[in-house]
Amino acid sequence: MLNVYLFQVLNGLGLGMIYFLISVGLTIIFGLLNFVNFAHGAFFLLGSYLCYTVVTLTGNFWLSLFVAPLGVALLAWITEQVLIKRAYHLPHTFQILITLGMALIIREASIMIWGPIGKSVPTPAGLDGVFRLGSFAYPEYRLFMIVFAAVIGLLLWFLLERTRFGALVRAGSEDTETVSLLGTNIFKLFSLTFALGVGLAGVAGVLSAPIRGAHPFLGEEVLGIAFVVVVIGGMGSFTGALVGGLLVGLVQSLMTTIWPQGASLMIYGAMAAVIMLRPYGLFGRS
Amino acid sequence: MSTTPTSSIWRGTTLLAVAAVVLMPVILPSPTLATEILIFALAALASNLLLGYTGLLSFGQGVFFGAGSYCSALVMIHWHFGLFPALLVGILAGALTAFVIGALAIRRTGIYFVMLTLSFSQMAYFVAYTMSSVTGGDNGLLNVPRPPVSVLGFELLSLASPLVFYGFVALLFLAVFVAARRVIHSPFGSTLVAIRENENRASAVGYDTRQFKVLAFVLSGAITGLAGALYALLLNFVPLSNIELATSEHILIMTIIGGTGSLLGSLLGAGSIVLLGDVLSALWPRWPMLLGLALIAVVMFLRGGLWGGLLDLKNRLIRSPEPPQPDTRQKDAAQ
Chain A
1 MLNVYLFQVL NGLGLGMIYF LISVGLTIIF GLLNFVNFAH GAFFLLGSYL CYTVVTLTGN
61 FWLSLFVAPL GVALLAWITE QVLIKRAYHL PHTFQILITL GMALIIREAS IMIWGPIGKS
121 VPTPAGLDGV FRLGSFAYPE YRLFMIVFAA VIGLLLWFLL ERTRFGALVR AGSEDTETVS
181 LLGTNIFKLF SLTFALGVGL AGVAGVLSAP IRGAHPFLGE EVLGIAFVVV VIGGMGSFTG
241 ALVGGLLVGL VQSLMTTIWP QGASLMIYGA MAAVIMLRPY GLFGRS
Chain B
1 MSTTPTSSIW RGTTLLAVAA VVLMPVILPS PTLATEILIF ALAALASNLL LGYTGLLSFG
61 QGVFFGAGSY CSALVMIHWH FGLFPALLVG ILAGALTAFV IGALAIRRTG IYFVMLTLSF
121 SQMAYFVAYT MSSVTGGDNG LLNVPRPPVS VLGFELLSLA SPLVFYGFVA LLFLAVFVAA
181 RRVIHSPFGS TLVAIRENEN RASAVGYDTR QFKVLAFVLS GAITGLAGAL YALLLNFVPL
241 SNIELATSEH ILIMTIIGGT GSLLGSLLGA GSIVLLGDVL SALWPRWPML LGLALIAVVM
301 FLRGGLWGGL LDLKNRLIRS PEPPQPDTRQ KDAAQ
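Just so you know, the sequences run in chain order A and B. Under the working numbering, the first residue of the first sequence carries the number 1, and numbering increases by one thereafter. Under the working numbering, the first residue of the second sequence carries the number 1, and numbering increases by one thereafter.
I should point out that these hints are in silico values taken from the structure, not numbers from a laboratory. Treat the hints loosely; a few may be bogus.
Unchecked claim - Sample of chain A residues facing chain B (criterion: CB under 10 Å; computed from the structure):
#: 1; residue: G101
#: 2; residue: A103
#: 3; residue: R107
#: 4; residue: L223
#: 5; residue: V230
#: 6; residue: Y280
As the structure is a prediction and not an experimental result, all values here were calculated from the model. The C-beta atom is built at its ideal place from N, Cα and C for all residues, glycine as well.
Given the sequences, and given the hints that come with them, work out the whole structure.
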C-alpha cells in the first residue's frame with residue numbers, strides 16, 4: 001500500500017518537474033521582458049512533435065532531446081525578431097492577443113504537418129526497463145525525467161545567478177534603461193531570453209513526449225496548468241515556479257489514486273483555494 | 001421635439017442593426033447560417049461589454065456559453081421545460097457561472113486575472129468532460145428539442161421552420177442590442193468605462209470597482225448564456241466543444257476583429273468569422289490559422305477592428321460638411 005503512494009509521489013515529482021520547466025520559462029520571459037506569452041503551450045506542443053519526428057526518423061531519443069528544444073528556441077528567436085519585439089511596448093492585453101494568434105497558427109500548422117490524431121513516442125531504448133528497490137518497482141524513464149529536469153533546473157539557476165548573462169537578465173528585469181545605458185545590447189539580451197524561456201518549454205515537451213505523446217490540443221491543457229502554477233507561485237520567481245510546479249504535480253498525481261477522473265479538476269480546485277485564501281499566491285505580497 | 005445628437009446616433013446604430021438583421025436571411029444562402037451569426041453576435045456583444053467597455057479580457061466566455069447550452073438543454077430534455085423557461089434557465093446558468101468565475105478572478109488584476117479566467121475555463125471543460133453521464137461527455141448531449149413559443153400552455157408559434165426560428169432569434173438579438181446600448185449609456189455604463197480607463201481613479205472617486213466588475217461579468221454571462229441556449233436549440237444538440245477553450249477564443253476573436261467598444265462591430269465580427277468558417281471549413285479545415293493571422297494583424301495595425309476600419313474609410317471618403325468638434329460643443333451646450 002505504501003508502495004502505491006511512493007509510486008504516485010514519484011509520478012507527481014516527475015509531472016511537477018515538467019510543470020516547473022514550462023512555468024519557469026514563462027516566468028523568465030515575463031520577468032525580464034515584461035511580456036506575456038500565451039503561445040507558451042503551443043511551443044511546448046511543438047517540442048513534443050519535433051521529438052516525435054526526430055525519433056521516427058533516426059530512432060534516437062537522445063538526439064531529439066538536443067535537437068527539438070534547439071529547434072523550438074530557434075523558431076522562438078525568429079518570431080521574436082519578426083513580431084514579438086514590436087510588441088514589448090504594448091499593453092499586456094495586446095501581447096496576450098498577439099501570442100494567442102501565434103498559438104492558433106502554431107496549433108493549426110502542427111495539425112497540417114502531423115495530422116489531427118495524436119502521435120505516441122516510444123520509451124527510449126536503455127530506459128524502457130524498471131528500477132527495483134526491494135519490493136518497489138518504478139519505470140526507469142520516469143526516474144530519468146525527474147533527474148534530467150532537476151539538472152536543467154540547476155543549470156538554469158547557475159546561469160541566472162552565477163553568470164554575467166544571468167546578472168544582466170536580473171538587472172534588466174529591475175531596470176532595463178540603466179542596463180542599456182551601461183552599454184549592453186538590450187535587444188540581443190531580450191531575444192536570447194525569449195529563446196531561452198521558450199526553449200525550456202521545448203525541453204519539457206520532449207521530456208513528456210514518451211509519456212503523454214503529442215496531441216494538437218495538448219498546448220492548451222499545458223498552458224492552463226502553467227498559469228495555475230504561476231498564479232500559485234507568482235510570476236517572475238524561480239522558486240515560485242519550482243514550488244508551484246511540484247505542488248500542482250503532486251496534487252494531480254495523488255488525486256489519481258483517490259479519484260482518477262477528477263485529478264485534472266483538482267489542480268484547478270487547488271488554484272481556486274489559493275486565490276480565496278491567499279489572493280497574491282503563496283509567496284506573493286500585495 | 002428636438003433630438004440631441006446622442007439620441008440620433010443611438011437611433012442610427014439601432015437602425016443599422018435592424019437593417020442587418022432584416023437583410024441577412026435575404027442575402028445569405030440559408031436562414032440557419034444567419035441564425036448562427038446572430039447567436040455568435042450575441043456572445044461577441046457580451047464579450048464586448050467586458051473587454052470593450054470594462055477593459056476585462058475574459059477567457060471564460062465559452063464557459064458561460066456552454067453552461068447556457070447544457071442547462072437549458074437538460075431542463076428541456078429531463079423536465080420538459082417550455083421555450084421561455086428553458087431560455088431563462090440558460091440565462092441564469094450563464095449569469096451564475098459568470099458570477100462565480102468573475103468574483104474569483106477579479107481578486108487578481110492584470111495578467112493574473114486573464115490567466116485565472118483561462119484556467120477556470122479549462123476547469124469547466126474538465127467538469128463537463130468528467131460528468132459524462134449528465135453532459136454526454138465527448139458524444140455531446142443529443143436530442144435537444146426546440147419547443148414552440150407558448151404562453152400559459154397555449155401554443156402560439158412553432159419554431160420548427162428555420163426562417164421562423166431566425167425571426168425569433170432576431171427579435172431576441174435586437175432586444176438585447178437595444179438593452180445593451182441602454183446599459184452602456186447609463187451611469188452604470190459610464191462607470192464601467194471609467195474603470196476601464198483608470199481603475200485606481202474610479203475607486204478613488206468612491207466607486208466599489210470590484211462590485212461593478214462582478215456586475216459586468218454577470219451581465220455578460222447572462223447574455224452569453226442566452227446565446228448558448230439558443231445555439232442548443234439551433235443545433236438540437238450540445239457538443240462538448242461548446243464549453244471548450246476554443247469557444248472562448250472564438251468569441252474573443254470575433255469581438256476583437258469586429259471592433260472592441262462598438263456593438264455593431266460585434267455583429268460584424270461574428271458575421272464575418274461565421275461566414276468565413278462556413279465557406280472555408282469544407283475547403284480547408286485548417287482555416288482557423290487565418291484567424292490567428294487576422295488577430296495579429298488587427299492588434300498590430302487596425303486597433304478599431306473591422307468596424308473601426310469602416311468608420312475610418314467612411315470619414316476619408318465622405319468629408320462631412322460639419323467637422324465633429326462643433327457637434328460635441330452643441331451637445332455640451334444643450335446639457
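Each hint tested on the structure:
Residue-level restraint check for G101 of chain A holds (minimum Cβ-Cβ distance to chain B is 4 Å; threshold 10 Å). Hint on A103 of chain A holds. Least Cβ distance to chain B is approximately 7 Å, under the 10 Å limit. This hint holds: R107 of chain A has a C-beta 8 Å from the nearest C-beta of chain B, less than the 10 Å allowed. Annotation: interface hint on L223 of chain A holds; nearest CB of chain B at approximately 7 Å, less than 10 Å.
Taking 10 Å as the C-beta cut-off, the interface hint given for V230 of chain A holds, the closest approach to chain B being about 7 Å. For Y280 of chain A, the shortest C-beta to C-beta distance to chain B is roughly 8 Å, which falls under 10 Å, so the interface hint holds.
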